[in-house]
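Visitor: The primary structure of each chain is shown beneath.
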Amino acid sequence: MSSSVIEQADLQSLFDELVRLGYRIAGPALREGAIVYDEIRRVEDLPAGWTDSQDGGSYRLKRRDDNALFGYAVGPHSWKKFLHPPVVRLWSAVRKEKGFDVIDEELPHTRWAFIGVRSCDLHAIATQDRIFLGSPYTDPIYKANRENIFVVAVNCGHAGGTCFCVSMNTGPKATFGFDLALTEILEGTRHYFVVDSGTPEGNGVLDRIPHRAATNDDIGLSEHVIERTRQQMGRQMDTSGIKELLYQNYEHPRWNNVAARCLACANCTMVCPTCFCTTVEDVSDLSGDHAERWRKWDSCFTMDFSYVHGGSVRPSIKGRYRQWMIHKLATWIDQFGTSGCVGCGRCITWCPVGIDLTEEVRAIRETPQ
Amino acid sequence: MNPYLPHLARITDRRHEARDVYSLQLRLEDRDVRNAYAFRPGQFNMLYVFGVGEIPISVASDPDEPESLCHTVRAVGHVSRKLVELPKQSQIGLRGPYGSSWPLEDARGKDVIIVTGGLGCAPAISTIDYILRRHENYGTLKILHGVKTPKDLVYRQRFQSWARFPRTEVYLTSDEPNAKWQHPVGMVTELFRSVKFNVDNSIVMMCGPERMMRNAGGVLLERGIPADRIYVAMERNMKCALGFCGHCQLGAEFVCKDGPVFRYDRIQRLLAINEA
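Quick mapping for you: the protein sequence lines, in order, are chains A and B.
Position 216, counted from 1, in the first sequence is what the numbering used here calls 216; the numbers after and before it change by one each time, with no gaps.
Position 205, counted from 1, in the second sequence is what the numbering used here calls 205; the numbers after and before it change by one each time, with no gaps.
Derived by calculation from the structure, the hints in this document are not laboratory data.
Keep in mind that this is a model prediction, so the values were computed, not measured.
Note that CB positions come from ideal geometry on N, CA and C, so glycine has one too.
Treat the hints with care, since some could be wrong.
What the hints assert, rightly or not - Quick partial rundown of chain A residues pointing at chain B, CB under 8 Å, derived from the structure:
| no. | residue |
| --- | --- |
| 1 | 91 |
| 2 | 98 |
| 3 | 280 |
| 4 | 288 |
| 5 | 291 |
| 6 | 305 |
| 7 | 309 |
| 8 | 313 |
Unchecked claim - Derived contacts from chain A toward chain B, CB cut-off under 7 Å, selection only:
| no. | residue |
| --- | --- |
| 9 | 90 |
| 10 | 278 |
| 11 | 307 |
| 12 | 308 |
| 13 | 319 |
| 14 | 334 |
If we strip away everything but chain B, and leave its shape as in the complex, we get (with noise of 0.2 Å):
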């Protein structure tokens, strides 16, 4: 069996989400593969368009849902570009899931703080709708979600129906605000100063900006949350998704087998590397 052979998908919807965000529903075309074909949140398929070139994406829908697949996708390097031009019905190849997934069982129980940043995170908003699905089985869920400038909020009516939800609450901020803004200003870590935390009960799901989770990370754990409570989403340059090709690595850590989700104190004195 070829590993790097990819299946064939259908583009079965296509919506504009925001700004250079769409969202592609997708649909495995062969039956038997479809119907194997099973994911966790948090990981991710390798996406082919014909002649272009392959790229991972986080699959962003619920994984009780494996027959139509989601994924988010930033157009913002030559294959995501060409991925998100391509019109409904389009084919494209999809070879996955892969990497490690939100811990979401060990959260069952626990208050969920979702700790996001920079332009739409689809790892996140997958979990969020994961969680509210199914909130029955969770405590309270924070939603903390820094932007840069309040234009780069591109999911503002998620998040303002996220806040409608019971026992969810909803934390935004902005570096550089207009006037219109009406929510905190500064970095994201500086929500973590006014939102309370039952630091006994709580799991961290982080993503976004690396400088960003690394700040986080070190506030959250001033707050009294251990590092192995805290889990971040990386993201690397993957060319196989398989540890063959070598350019995801991250100290010891393959991002696309060991990742893309790790729990903190596994990757903490990673992210402190300076490689500037």
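Isolated chain A, as found in the complex (with noise of 0.2 Å):
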């Protein structure tokens, strides 16, 4: 289908149409010093004028000197947080004489259309598909909120400075997973959105509102930012035989160095868009007839990860940090046939002391052993 236009102005009008159809619009919404996905609810609460400058270990909110939507690049927040909950009650259970009955939980129906997601994330999101949606098993509340989900791409019109899509090839542009895909242009006092649907559901919103075709002119300017955005990229990685150079390095000093800076706090798992792992917690309530299971997001930094009686499998900080980054870059590969890493650069902005895994497999690669 051909590009169509929609001017700033009349954006509101897509929020309305997706409300009317039953979504609840999650996207991108500034909090606490940085820009998160939460609920919105019209386009005020996008944050307009603002963008930020990352780096390993950095986040900064920064003015910018337009009113750009979008002109920010990812936040500590992925949509994992919608689709793959942090915490959630697998099911229940109620004592009763000589036993207990089993309650199963209702699943998640909560309609989300999400808004601004990022080519990365689409990417992400398509990861998690293959670990959740795969064989043999299925889990129901994944499949459950990715089922009802709308989604409204954004090509990034601005890159981060821990960006890498481009050495990754998820980005900067949406080239699948989309209902419809924003790229936002300001050009003088023109402030407009060139849009392509992606889906026959992405047609029916586009056509109950207000837009246009767009021109080549249009098209052109769309093109120029995504590839303005491909040029600023803050990091890059080599991915050229990424699983055999880690595999044939297991043993390499800089796993030693990277311990050494490494505080296993488990904060780029937790804002990683495929990291996947849970644990469960099991609670019961005071009179002791009533237990829940619940999972929760959890870490292989973790001691506790790994722990069979008798200790962790891998106990020291050096173990953990080289599962993680082997898992990210090379066994996720033969696992899933993907990279689980996307290039969005949470990890090194989100690292309190900025570890950068593209200088780590830099430093791999220079020195293989």
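Got two chains here, separate frames each, mind docking them using the hints?
Guide: Following this line, the structure appears as structure tokens:
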């Protein structure tokens, strides 16, 4: 389908139409000094005129000299908090005479419309699809959340200081996995969006809101925006033969070097849009008659994660960092057929000591053992 | 269907095996679930204790008798301790079976070498029982078991009774023997130097501490048994058994669904990684 244009002044009609269709809207919003994903209602809730400055261990909001609605890179949140919630009850149980009953959980039924999904995060969602919707088991919670979403992607007009989607071949242009994809154009006094539809649902929504056909000039401008972003990548990583490189370098002095800096705080795994690990907690009430099982995000950086009687399988930070990075960039490929890294840069920005996996890979590549 | 949801099962019998090891006989409550349940030796179930938690335990009984499932549990963590304390007739949760199984079909017509170490290794014991019940299908059964000290030999009577079966050889060894120990001294790997194998027609199944399996694997390869005829059972932390929680990963393998039984050539490299 050919591209369309929605004027900035008409963007609210997209929100209104999604609400009319029964969606709750989640999108970028300013919260506590960062741009996060949260429930929003109106275009005015978007962080207009803000951008971010990101580097290893550093994230700062800054004013832009325009009123761009999407003029920033990704923040600490990803869409996995909606699709693979950080805390969820799996089932509960009630004690009765001579035993107990198990009570299944109702599946989530909120229909979320995600506004402003970046290409790296579309790849991250596709990556988690392979984990939770693959064989032999399907996660019913992820599936229910996933089936209900409407995705409005945004082609990035600004690359963050830790972005490297170009290296991972995951951006900055959204190429799949969206209902609608917007490219924000600010040209002189004009402010509008070039829109592409990816699904019949996207077409339906577009048909019911004010829009016009895009001209060749509009399309040229949108391509220029994406090309400019492509040139701005804050980081880059050579991924050629990366699986073999890492498999051949399980023993490398660099693992000790990074272990001396890593705090094993688990931030990288919490902000990563593909990290999927969870633990389970059992709780019961004071009477002891009612028990629940809760699933919570977990991290391979904790000692408990690999605990079997007698101790942790990976007692050292060296072993745990190596597990995380080799999983992300190598074993993931064997498990799911793609890299576990989408080049979003969150693990670099939100690492309190600024550990940068692109730098770690470079160090190993330069001195293979 | 919520794959995390357990079925209900009742503890119909409970036996103290030795020290902190107990065997629980479980019967699934729902008739349809019970009739549909089938497992292969080496697979495991997730057992849930009300309000306490859930742990993976391999099924120790015979697959031809799925209506009564034996689980041999060592009380070493907070769930396993509660589990073995439950009186007969208590109800627990059970879901499974999960994971891969021992290559008992491939082993037909071959000599089977079972190598175990440490305190009571349930997956190995159930396999020994399985083979002895169908011994006409298999060659000689050689059981090699290593313990640290003689008091760690928790199944002493079983080893003695197995040794009385025809075409069955039992070899015991202890690292730190006492004066009464009448068997060889040393690691289980040292038994390989004296025990004779038919290298061309033997299949090995190992279960026990990883260090033992790594060393034993190395010696078996030296003795000429190819890596694709050696199988090992791995143990890892597991929260889901579905490949979702991530805890059991060993390289690219999910021990819950790609294992727990692995062909040695698939994880040989991973066993060699020093995690310390």
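Visitor: It remains to establish, for every hint, whether it holds in the given structure.
Guide: Hints, verified against the model:
This hint holds: residue 91 of chain A has a C-beta 5 Å from the nearest C-beta of chain B, less than the 8 Å allowed. At a threshold of 8 Å, the smallest CB-CB gap from residue 98 of chain A to chain B is about 7 Å, leaving the interface hint in force. At its closest, the beta carbon of residue 280 of chain A sits 5 Å from a beta carbon of chain B; the interface hint therefore holds under the 8 Å criterion. Because the closest C-beta pair between residue 288 of chain A and chain B is about 7 Å apart, less than 8 Å, the hint holds.
Of the supplied interface hints, the one on residue 291 of chain A holds, with its beta-carbon coming within about 4 Å of a beta-carbon of chain B, less than 8 Å. Given the 8 Å rule on beta carbons, the hint for residue 305 of chain A holds: about 6 Å separates it from the nearest Cβ of chain B. A hinted interface residue such as residue 309 of chain A counts as satisfied when its beta carbon comes closer than 8 Å to some beta carbon of chain B; here the least separation is about 4 Å, so the hint holds. At its closest, the beta carbon of residue 313 of chain A sits 6 Å from a beta carbon of chain B; the interface hint therefore holds under the 8 Å criterion.
Restraint check, residue 90 of chain A versus chain B: the minimum CB separation of about 4 Å is within 7 Å; hint holds. Among the interface hints, the one on residue 278 of chain A holds; its C-beta lies about 5 Å from the nearest C-beta in chain B, closer than the 7 Å criterion. At a threshold of 7 Å, the smallest CB-CB gap from residue 307 of chain A to chain B is about 5 Å, leaving the interface hint in force. Using the Cβ-Cβ criterion of 7 Å, the hint placing residue 308 of chain A at the interface with chain B is satisfied: the shortest such distance is roughly 5 Å.
Here the hint on residue 319 of chain A is kept, as its CB sits about 4 Å from the closest CB of chain B, short of 7 Å. About 4 Å separates the beta-carbon of residue 334 of chain A from the nearest beta-carbon of chain B, less than 7 Å, and the hint is met.
In this structure, none of the earlier numbered hints is contradicted; all agree with it.
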